[in-house]
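Enquirer: Protein chains in written order, with our numbering: chain A, 1 to 206; chain B, 1001 to 1206.
These aren't lab readings, by the way, just hints derived from the structure by calculation.
Computed from a predicted model, the values in this text were never measured in an experiment.
Heads up, a few of these hints could be off.
[Claimed, not checked] For the chain B half of the interface with chain A, some residues (derived, Cβ under 8 Å), not all of them: (1) A1051; (2) S1055; (3) I1108; (4) M1120; (5) G1127; (6) P1128; (7) L1133; (8) L1137; (9) E1138; (10) A1142; (11) G1146; (12) A1167; (13) A1180; (14) H1196.
[As the list claims (entries may be wrong)] Now the in silico label distances, taken between C-beta atoms and shown as ranges: (15) A:M52 <-> B:R1024: 30 to 38 Å; (16) B:S1065 <-> A:R19: 28 to 36 Å; (17) B:D1068 <-> A:I37: 18 to 26 Å; (18) B:A1191 <-> A:A206: 24 to 32 Å; (19) B:R1079 <-> A:G127: 31 to 39 Å; (20) A:N124 <-> B:V1018: 33 to 41 Å; (21) B:R1198 <-> A:N124: 19 to 27 Å; (22) A:Q26 <-> B:D1068: 22 to 30 Å; (23) A:G127 <-> B:A1153: 26 to 34 Å; (24) B:K1056 <-> A:N124: 52 to 60 Å.
Beta carbons are placed, not taken as given, at the ideal position from N, Cα and C, and that holds for glycine.
Here is what each chain is made of, one letter per residue.
2 protein chains.
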Amino acid sequence: MPSEASLPLTATVRLPRVRGLRVRGQILTRAAELASIDGLDQVSIGRLATAMQMSKSGLYAYFTSKEDLQLATIDCAWRVFEEHVLQPGDDAVEALLERWISYYEREIFPGGCLFVTAGMEFANRDGPVHDALAAALERQVAALEGAIARAGAAGDDDAASLSATDAGQVAFELHAVLTAGNQRFRISRDAAAFAHARAAIERLLA
Amino acid sequence: MPSEASLPLTATVRLPRVRGLRVRGQILTRAAELASIDGLDQVSIGRLATAMQMSKSGLYAYFTSKEDLQLATIDCAWRVFEEHVLQPGDDAVEALLERWISYYEREIFPGGCLFVTAGMEFANRDGPVHDALAAALERQVAALEGAIARAGAAGDDDAASLSATDAGQVAFELHAVLTAGNQRFRISRDAAAFAHARAAIERLLA
């Protein structure tokens, strides 16, 4: 049995791991920001080391390669997307879509959502980074499809008729309109893009 | 008055300019291909020189800087888009949209259409390249809006009712669906994206 006097020692032993996780999280948050502004290909051990004022060998303690770092950055960005868009309380399709647009509008990532952008950046390359981005895109569309199907099953008449026509088709169109809102806002720098996206969603759900 | 004997000399004098235009066109075609596969930022004097087996100083005879080369590449890509999508005969909205999807589907650019992709690549940068890409995007949407308005004026009932609701909104949605078809095809490598885009267009024009 450890005496009470040993507790501080246990805490000291655990600290490096806790600190390690915290630093890893900080590096990945910075990496996701950088990816959203300059592209995922700019996320390298060297650039992150500079951005975090760490040595490259310090970075290698957390990530074994550029690819490892890029994959972890995609995971990190996905958790942020989940937290802001997929998880919060209200399960209704309308609420989900409004959280999604708001997530683009509030620029949760300073350079805009990176899934489609990085997906296009890696569209013509093979390998785990492309595959992770393609999987994230499919998960986004599947989340929309799932929300439509759930709402239909729960007795929402609009959603039931949507889901009866073809939930996959409606999910494609909703995703198209959401990402187009984000892309036109980012390229044209005109928030009218979000008004267009909201009007399109209203018509699609009518 | 020049004698007939002077004609060959005139031709000789003109040849370098004709050859110059031809070489410039070849460089830009290669640049647009490279931009579509690897991104517009990869289009640099150095990379193009390697791709064309020319010296960098040879390239500088045609383009004064990387930015100059990138702007000319955007112009070249726009002319290709015009030639395949905007100009050919049939002015009907449906025909225009089918040419547009087919242009993505046939991969006229080997890595996919570069306007939205390069637009996102340069979304967070200021300068003439960003502005040229934003202008190209707006021209694409304006072309859709114009086609809807023209069809409405020409007595197409469907188009007239579309154009009465809000041609700008319909153009936003059509552009969203077209580019989403291209993006999902490129990232997921599944031609089902084009079937989704066609079904969405049919519903939008119904």
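Enquirer: Can the suggested window of 24 to 32 Å be confirmed for the beta-carbon pair A1191 (chain B) and A206 (chain A)?
Expert: The hint (24 to 32 Å, Cβ to Cβ) holds, given that A1191 (chain B) and A206 (chain A) are roughly 30 Å apart.
Enquirer: Is it true that the C-beta distance of M52 (chain A) to R1024 (chain B) lies inside 30 to 38 Å, as the hint says?
Expert: violated, 44 Å
Enquirer: Do R1198 (chain B) and N124 (chain A) keep their Cβ atoms within the hinted range of 19 to 27 Å?
Expert: holds, 24 Å
Enquirer: Would the hint on L1133 (chain B) stand, with a C-beta cut-off of 8 Å toward chain A?
Expert: L1133 (chain B) check passes; min Cβ-Cβ to chain A is 7 Å, inside 8 Å.
Enquirer: Have a go at the H1196 (chain B) hint: is there a Cβ in chain A nearer than 8 Å to its own Cβ?
Expert: With Cβ-Cβ at 4 Å, under 8 Å, it holds.
Enquirer: Tell me if E1138 (chain B) is really an interface residue toward chain A, meaning its C-beta lies closer than 8 Å to one of theirs.
Expert: holds, 7 Å
Enquirer: For the hint 52 to 60 Å, verify it against the beta carbon of K1056 (chain B) and that of N124 (chain A).
Expert: violated, 25 Å
Enquirer: Are A1051 (chain B) and chain A close enough, Cβ to Cβ, to be under 8 Å, as the hint says?
Expert: The hint is violated - A1051 (chain B) has no Cβ within 8 Å of chain A, the shortest such distance being about 16 Å.
Enquirer: Does the Cβ distance between D1068 (chain B) and I37 (chain A) fall inside 18 to 26 Å?
Expert: holds, 25 Å
Enquirer: Range first: 22 to 30 Å. Now tell me if the beta carbons of Q26 (chain A) and D1068 (chain B) are that far apart.
Expert: violated, 40 Å
Enquirer: Falls inside 33 to 41 Å, the C-beta gap from N124 (chain A) to V1018 (chain B)?
Expert: holds, 34 Å
Enquirer: Starting from the hint 26 to 34 Å, judge whether the C-beta atoms of G127 (chain A) and A1153 (chain B) obey it.
Expert: Since G127 (chain A) and A1153 (chain B) have Cβ atoms about 51 Å apart, the given range 26 to 34 Å is violated.
Hint violations for this structure: numbers 1, 2, 3, 5, 6, 10, 11, 12, 15, 16, 22, 23 and 24, all remaining hints satisfied.
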